Amino acid sequence: MTALQRLFKFHGGVKPAYNKEASTGLPIAVAPTPTLLVIPLHQSIGGMPRPLVTAGERVLKGQRIGGADGNVSSAVHASTSGTVIAVEMRLMPHTSGLSALCVVIEPDGRDEWIQRQPFDFRSATPTQTRDYLRDAGVVGLGGAVFPTYLKLNPGKQGKLDTLVLNGAECEPFITCDDVLMRERAETILKGVAIMREMLRAGQVLIGIEDNKPEAIAAMEIAAQAANRAAGDSAIKVVSVPTRYPAGGAKQLIRVLTGIEVPHGKRSTDYGVQCFNVGTAHAIYEAIALGQPLISRIVTVAGNVGLARNYDALIGTPMRDLVALCGPLPDSDRVIMGGPMMGLLMPADSVPVVKATNCVLVGSKQLFPPPPPEMPCIRCGECAKACPAELQPFEMYWFSRAKIFGKAQEYNLFDCIECGCCAYVCPSHIPLVDYYRFAKSEIWARELEKEAADVARERYEFRLLREEREKQEKAAKLAAKTAAGREKAAAALAVVEKPATTPEEDAKKALIAAALERAKAQKELVHPGNVSDLTPEQQAEVAAIEARRAEIREMAKPHLRQDD
Amino acid sequence: MLEAILVMALGAVVLGAALGYAAVRFRVEGDPLVEKIDAILPQTQCGQCGFPGCKPYAQAIAKGEAEINQCPPGGDEGIHKLADLLGREFKSLSAEHGIEKPKSVAVIDEQSCIGCTLCIQACPVDAIVGAAKQMHTIVAPLCTGCELCLPPCPVDCISMQPLDESVETWKWKYPVFKINPAQQEEA
Amino acid sequence: MTSYLFIILGAVLVNNVVFVRILGLCPFMGVSKKLETAVGMGAATTFVLTLGCGASFVIDRWLLIPNQLEYLRTLSFIVTIAAIVQLTELVIQKTSPLLHQVLGIYLPLITTNCAVLGIPLLNVSLRHNFLESLLFGFGSAIGFTLALILFAGIRERLEAADVPVHFRGTAIAMITAGLMSLAFMGFAGLDKYK
Amino acid sequence: MPRSAKWRSRTCGRTIEQNRDPLVNNSPYFLKPASVQSVMLRVLVALLPGIAAYVWFFGAAILLQIAMASIAALAAEALMLALRGKPLMLFLSDGSALVTAWLIALTFPSIAPWWLAVLGTLLAIIVAKHLYGGLGQNPFNPAMVAFALMIVAYPQLMSQWPAAGATDLAGQLHAIFGTRQIDAITMATPLDALRTALHTIDAKASVAGVLGSNPGIGSVGGKGWEWVAAGYLVGGLWLLQQRIITWHMPTAFLAALFAIAGVFSLIDSTQFAGPLFHIFTGGAMLGAFFIVTDPVSGATTPRGKLIFAAGVAVLTWIIRTFGAYPDGIAFAVLLMNIAAPLIDMYTQPPVFGHKDKRGDSP
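Chains as they are written, first to last, in my numbering: chain A, 92 to 654; chain B, 9 to 195; chain C, 7 to 200; chain D, 82 to 443.
Read the hints as simulated data drawn from the structure, not as lab findings.
No experiment lies behind these values; they were computed from the predicted model shown.
Hints should not be assumed to be uniformly reliable.
[Unchecked claim] Within a straight-line C-alpha distance of at most 27 angstroms, the following computed DSSO-like cross-link-like pairs (lysine-lysine) qualify:
| no. | chain 1 | residue 1 | chain 2 | residue 2 |
| --- | --- | --- | --- | --- |
| 1 | A | 475 | A | 100 |
| 2 | A | 493 | B | 71 |
| 3 | B | 141 | A | 493 |
| 4 | A | 497 | C | 100 |
| 5 | B | 141 | A | 497 |
| 6 | A | 540 | B | 89 |
| 7 | B | 141 | C | 39 |
| 8 | A | 250 | D | 436 |
| 9 | D | 167 | A | 106 |
| 10 | C | 39 | A | 540 |
| 11 | B | 63 | B | 111 |
| 12 | B | 89 | A | 455 |
| 13 | B | 181 | A | 493 |
| 14 | C | 40 | A | 497 |
| 15 | B | 141 | A | 564 |
[As the list claims (entries may be wrong)] Anything over 12 angstroms on all C-beta distances counts as not near chain C; from chain B, calculated:
| no. | residue |
| --- | --- |
| 16 | 42 |
| 17 | 56 |
| 18 | 102 |
| 19 | 106 |
| 20 | 148 |
| 21 | 153 |
Every residue gets a Cβ at the ideal spot worked out from N, C-alpha and C, and that includes glycine.
Okay, chain A solo, but in the shape it has when bound (with noise of 0.2 angstroms):
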């Protein structure tokens, strides 16, 4: 049934055991809202959202508590109605075990929307179906977490020439994407109507791995209805071989199209932009029913009883969704993601996000700890498995003795993590975490030379200007000669040894009373403005004050990173 599309093979891959049977025989079921929802702030790529609601504060299912800040975020949304606890730093859903600033919502059970309305993006201009999307937190389902109104830019040309629709999903255990083009097809295919028209795509193809025959049968009937409304043949449903990682974004349009995207490109350049199913779904339902992205849907699978995919809400512990099917006794871990590329979580307890497309349970029966590493006898297996055509021993060679730059001359980064290298490895080395490492600390000593740039630059025009203003005086000085030398004389003693003491008598003089000021008015030393407050301001202030203290150290490394 399936169109007949030429094929292009990517480079590498494994075929590891797919384990994808577990969570597909029973339909999506909606999760249980929880007993408190905790919603981080930064959920996708980019700027960290400004909080919208303080502690106390009433919220409605869909209504937006964090705004998008700068040119790369995306907003995020209240996924129940209920009362904001608190907006205070949690565990969040990342391997370091470190906290971030959440939203934490009592949902109180009556599900309660704020006013939806579908919206008209046929009317509005192309930025402001952006900026649309951009408020209604749209971002990339397929675990990348990218803004998805960013890549919903023709570019330069003004048009695409393909759209392709990431139906993949290689990752074992990982069925979220299956089930959904199994059972919303045709609600994936509005969606992809809406993109294709945003983009001016020519043609759609919608990538599907050939072990997946319900979803690609399923996808092909709602493919064949949208192409008989639309009136053309554009969209097609491409069943691709069965290989890990063919669901990566580049590895997916290389076999689909035949381009390869180098790193650091956007493939929009090259005439074709990759979006998953499942963000097709989301933007549907962010355009046409006027629904924000608060719920995903996600996969429970591993060391459970029944595994299973659940719609859940944005903001439900990971810990509700195990219990909903049954952990095995000897569970010891969770895992967002596949097990190929997917994190380990210092708790349970962390929220589901955007990027939470699946939640592994591991035990040390499934995922057994890996055989001692022994050295790397260059065989070059992992040459053959990388689908990004590296050289992973060298790049381990060179990382493992933190020799960055060498490590970097073999292209570390355009190493996309899929783990293929690890996986064939006969020396059981983790190679996957010395890229980790050795990308984390290059990206670390590249802030620190621009940080330290920014001093030099900043010292040398401090030098500069005290250069200047000390002969700026100097010409003061020599118009007041002019002018009479006596007064000159008196002007010399402060000017030309200004670290003597007159000046710094007068300067220790003020500063003995200022501090006398500060000792007798204690209480009265707040900025003047802050006195005679209502109870309530005084409230805000404080709310203000304590979070504009959190976002000034959230902000730190934003700053940085949106330059």
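Since chain A is already given, all that's left is putting chains B, C and D on it; use the hints.
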């Protein structure tokens, strides 16, 4: 014998003249080494090295007047880089110039600041804003953590706060290398 | 014609100045940590050695031998070579800052390269004529460059190896040089083939 | 820092005991069943057909040499591991020392004095392998280092090869342990005979003359030796089928050796031996599948492998034909080992997405 002396003298004179002429004729100004050294220094401008800034220290190193181990903010890594560049032996950080501390930024306790502007004058990178008798504050992203603003403050309202690790700045750790963990320390 | 080819081949491979004659070990060890510097050093040495062989031949043939001053050979060669090195550096620095940046710091080091003195002296003892001297100097320098570049390639990889503590740095570099020398022994006899 | 720690303790659920043990790995969480040990063991198995042929034609002495070399290798490996404070069993059982030992035993004359192979093995394991950091870090092929060292130091002893069919074990044992004169059972290998004849005896000698006149030399690569080579070929093909080695190295090596020997024997067949002789004699077949293919000291990129193996072949032929040593494989491999890092560096395959501008990768 005389011949020998004559020949050698002739050689010396000819070669000396040629070299002397070349030295004058082909003189080149400037020293690119200072720039290279300066690029390695962390630009904290803290003066812990005993020189009034990173550039003067770089000049001193280039002239051979200073050791390469006098920069605490640069730490061992900076010394390694300098040793590499200059072909000198690595020396661990000299204790008299200070110790390597975690990167921090200065924070002004805004409630106790009296607005004396002394810290503003001390800051080498103009990272403190404020005016006389007005509250001052530190522009944290610009602060190099040099601590030069601490001593001038008459009310001791400036403190150094180490930079917290956040999810964004968190770094993946070096994988546990079970064969020989101490391996890379000296390499 | 073939004899000239054999002079060059012999100097590059069979009697490689570093691995077989064991000359010029100091820069061989010192400037082989990075590939770029090795290439720079090799280029600078090739230039100076070829020039030095020519100059020393001229001095030997027309100054020392006519005056029966052969005993001053070593001294005068050293002086000549040192002057050539200095002169080269000054000229390059002025005329081509780019080239100077590449070769710059290696030029003074060449003065201390015993190969640069050894090859002209060998030229004399092998009774080479002017062209042979130049070719022998050039071939030896190419051999030196080859050794330096190959060694640098290995050392860049070796830098990341888990070498036992006591053997790190120069020790393992010496062992490596020894094994490379062993490998070059395989060329033995090639220059004497028929 | 303290803040996040506080939160961690407050929010850490205990439904599932979280494993924050630093030894718990990050993704990927499952691995393909493969190990260095299984690679090395399969290499050893692949050597068996060749060894069987060796025993059949040249007697069981080779088995003794293999055993001694293996013991020496394991002892040296254990000693170095202990000195360096590395896990003993893990590395002893990886099989890499055994591969080195077997290759040394197979390249040394099987009736050489017992200490020759043992000394060679010790040098290979201690100097060529462990001083560089052990498994995976040696820039030179340890077995070839041993061979080159020994042939430079003891050229006479390294040329005492058994005559084909002289499988008298007692005589061989006497030779190995130096208890009796050994002239009766030794003879020169075909390569040796050829080199001696062509280099030292003047113009009368020709390839056909030498090979034909000598009763011990067979029709293709020397009597007996061609069958040993065939055994290695079988084992090597099995390694290829097992995907332990790739086709690049053996193909490039044999093709280059065949080509250069073929061209020169066409030019002057009295002075240059034919391609089949070169491929089936000496260490060529062993080299093609077991020595050149050593991934640690060789080149690793696909193009690099071709260049590396072809380089070894050409150098082997040059040294065999013009050089002072009878077989050039060891020197050729070491010479190409020297060049391997550079070959790798300059033959990096283009990375995904960077294919249009080939020059930009190092």
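Take the C-alpha atoms of residue 497 of chain A and residue 100 of chain C, compute the straight-line distance between them, and say whether it is at most 27 angstroms. Outside the cut-off at roughly 33 angstroms; violated.
With the threshold set at 27 angstroms, check whether the alpha-carbon distance from residue 181 of chain B to residue 493 of chain A stays at or below it. 12 angstroms, holds
Can the restraint linking residue 475 of chain A and residue 100 of chain A be considered satisfied, given a maximum Cα separation of 27 angstroms? 14 angstroms, holds
With 12 angstroms as the threshold, tell me whether residue 148 of chain B passes as away from chain C on beta-carbon distances. Holds, since 38 angstroms exceeds 12 angstroms.
Between residue 250 of chain A and residue 436 of chain D, does the CA-CA distance stay at or below 27 angstroms? 25 angstroms, holds
If you draw a straight line from the CA of residue 141 of chain B to the CA of residue 39 of chain C, is it 27 angstroms or shorter? 58 angstroms, violated
Does residue 455 of chain A sit within 27 angstroms of residue 89 of chain B, going by the straight-line distance between their CA atoms? 43 angstroms, violated
Are residue 40 of chain C and residue 497 of chain A close enough, with their CA atoms no more than 27 angstroms apart? Holds - the C-alpha atoms of residue 497 of chain A and residue 40 of chain C are around 11 angstroms apart, at most 27 angstroms.
A cut-off of 12 angstroms on Cβ-Cβ distance, and residue 106 of chain B was said to be off the interface with chain C. Does that hold? 29 angstroms, holds
Satisfaction of hint between residue 111 of chain B and residue 63 of chain B, Cα-Cα up to 27 angstroms: Distance of about 21 angstroms is within 27 angstroms: holds.
Distance restraint between residue 493 of chain A and residue 71 of chain B, which requires alpha-carbon spacing of 27 angstroms or less: Measuring from Cα to Cα gives roughly 31 angstroms; hence the hint is violated.
Between residue 167 of chain D and residue 106 of chain A, is the straight-line Cα distance small enough, at 27 angstroms or below? 34 angstroms, violated
The structure does not agree with the numbered hints 2, 3, 4, 5, 7, 9 and 12 stated previously, though it agrees with the rest.
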